[in-house]
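Chains A and B, in that order, give the protein sequences.
1 is the number of the first residue of the first sequence in this note's numbering; add one for each residue after it.
1001 is the number of the first residue of the second sequence in this note's numbering; add one for each residue after it.
Bear in mind the hints are in silico, worked out from the structure with no lab data behind them.
This one's a predicted model, so the numbers in the text were calculated from it and none came from an experiment.
You may find that some hints are simply not true.
With a Cα cut of at most 27 angstroms, we get these calculated DSSO-like pairs of lysine-lysine [what the hints assert, rightly or not]:
| id | chain 1 | residue 1 | chain 2 | residue 2 |
| --- | --- | --- | --- | --- |
| 1 | A | K215 | A | K73 |
| 2 | A | K215 | A | K280 |
| 3 | A | K370 | A | K194 |
| 4 | B | K1117 | A | K125 |
| 5 | A | K280 | A | K325 |
| 6 | B | K1088 | B | K1117 |
| 7 | B | K1083 | B | K1093 |
| 8 | A | K332 | A | K215 |
| 9 | B | K1124 | A | K73 |
| 10 | B | K1024 | B | K1042 |
| 11 | A | K73 | B | K1117 |
| 12 | B | K1124 | A | K215 |
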Amino acid sequence: MFAARVSAARNVQRIARRSFATVVESSGVKVAAVDNGGPTSSLTVLVKAGSRYQPKEGVANALKNFAFKSTAKRSALGTVRESDLYGGILSSSLGREHLALTAEFLRGDEAFFLDVLTSYITSAKFTRHEFEEYVAPLIENDSAVAHSDPAIQAIELAHAIAFRQGLGASLYSPSHAPLSVTDVKEYAASVFNKGNVAVIGTGIDQATLSSLVDKAFANAAAASTPSTASTTYFGGENRIPAHGGQQTLFIGFGQAGAPSAELATLAAHLSPSPSVKWSKGLSPLAAALPEGSSVQSVYLPYSDGSLVGLLVQGSSPAAVKEAGKAAVAAIKAASKITQEQLTSAVARAKFAAASDIDTRQGLIATLGSKVLSGSDASAASLVSAFDAVNTAGFAKATSSLLSAKPTFVAVGDVSALPYADELGL
Amino acid sequence: MFGPLSISWASQVKASRSLYRWVKPIANWYADASRYRQFGFKYDDLLMEENPTVQRALGRLTDRQAYDRAYRLKRASQASILKQPLSKDQWTKAEEDTPYLQPHVNNVVAENVERQKWDNVIVKRN
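Go ahead and model the full structure; you've got the sequences and the hints to work with.
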């Protein structure tokens, strides 16, 4: 009993060590750092420049792919070669709300890599020839990859019909988009300003990072942050033909407003993935799935909306139809959860939330937005939110979620894939 | 040795006002006397394009610039076949004779120089 309590206390400490206890503003930019004692550091410049803010389709994707091209300080080649010499890795990733520019490197090289990241924010050149020679092929490649994966297609389409504008905007550029470098430049000018940027470091001291950020953003623009209409959930049904990939269904529900712990618990409850390798899992959904089909639970929280659902995939439309029926039954039965099922779902959701922030990407994806919005960015708060989940609250949250119009997407052989009403939605 | 991509004193001449005042009329006279404007060319059309550097720079022209360049080259070839300059209204005016390609070539050259620098860099860690 005593031993258990000691280890629980140690766990809390361990979690605290992974979280950003303090968020400091240095010269208008939010800075958060956590030193977990590893041999490498990473820096992420997080910008509120995701696809929901883009004025034109595909611009956010272009801005992501323009990262690390020539700036006033160094050329694209110089950036790559110099980072090579330091042995660092540069990457950029785009979400619906944020654009993240990340550098991972050995301890001690933070001054150089922060300069690489911030010079894109403050002094990128956005030349036309770079757009045409280097960026356009990357944009095209992103779209091609998204187009060849029915799961990505289904999730993109689900966002579009669930939220329409704002969060509904695609992360990818439509093929043959009439996109020019001027569009990208204008978008960059509107989003790359001090109030819209957070710098997040891991494996680096907060004071060091703050002073470096102070210098780097000394003469950055301070304009207003981009605005977007608040999210509304619509829902609906859509089907797109696709060939070659798996037959895919997305059955989901969305909600406007801040994501709640209940929805994360629901996603954990619906998830049929087993906790032990080579087993089928104990959930009723897992037992009902036919051979050759799989179901993943999808939980996508955003700052003012969330999407919860099941992604059903299979090799044949018939198998997908059967699996889809089981998935719908599982979703409908979710509000009649027993106490034991809830306890297990809460435990799994808690573990998922805590293990998410174990990795660097997860840490930035989960806590980065909180740093940027100035809310509590500690890992403990992430986990403790689940303590308040109880059966009555869960049932209420779930039934209000399920009372909305479902979002149903079918990708694949549309002549054979089921419609929403055929699955009992 | 001579030509648009060779050694140029233009920047030095431009920097000194008195020198510029002396040299500019001669330069104007020379540009007219070399008669490329009478064939509808711009000076940058005369750049030797049979090398990778200028080919890369040509790829950076806007569509409009590329079409106009192709048109000027065709019109001048036709005039060359007829063995006479274009009619006077089609001559390139001095103010139209802008360096539309030279800046791109300079950028490509600078990129090549930088690539060479990085290929031969000696790393010292202090």
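Here's how the hints hold up against the structure:
| no. | hint | verdict |
| --- | --- | --- |
| 1 | A:K215 to A:K73 | holds, 15 angstroms |
| 2 | A:K215 to A:K280 | violated, 55 angstroms |
| 3 | A:K370 to A:K194 | holds, 16 angstroms |
| 4 | B:K1117 to A:K125 | holds, 22 angstroms |
| 5 | A:K280 to A:K325 | holds, 18 angstroms |
| 6 | B:K1088 to B:K1117 | violated, 48 angstroms |
| 7 | B:K1083 to B:K1093 | holds, 21 angstroms |
| 8 | A:K332 to A:K215 | violated, 55 angstroms |
| 9 | B:K1124 to A:K73 | holds, 21 angstroms |
| 10 | B:K1024 to B:K1042 | holds, 18 angstroms |
| 11 | A:K73 to B:K1117 | holds, 16 angstroms |
| 12 | B:K1124 to A:K215 | holds, 25 angstroms |
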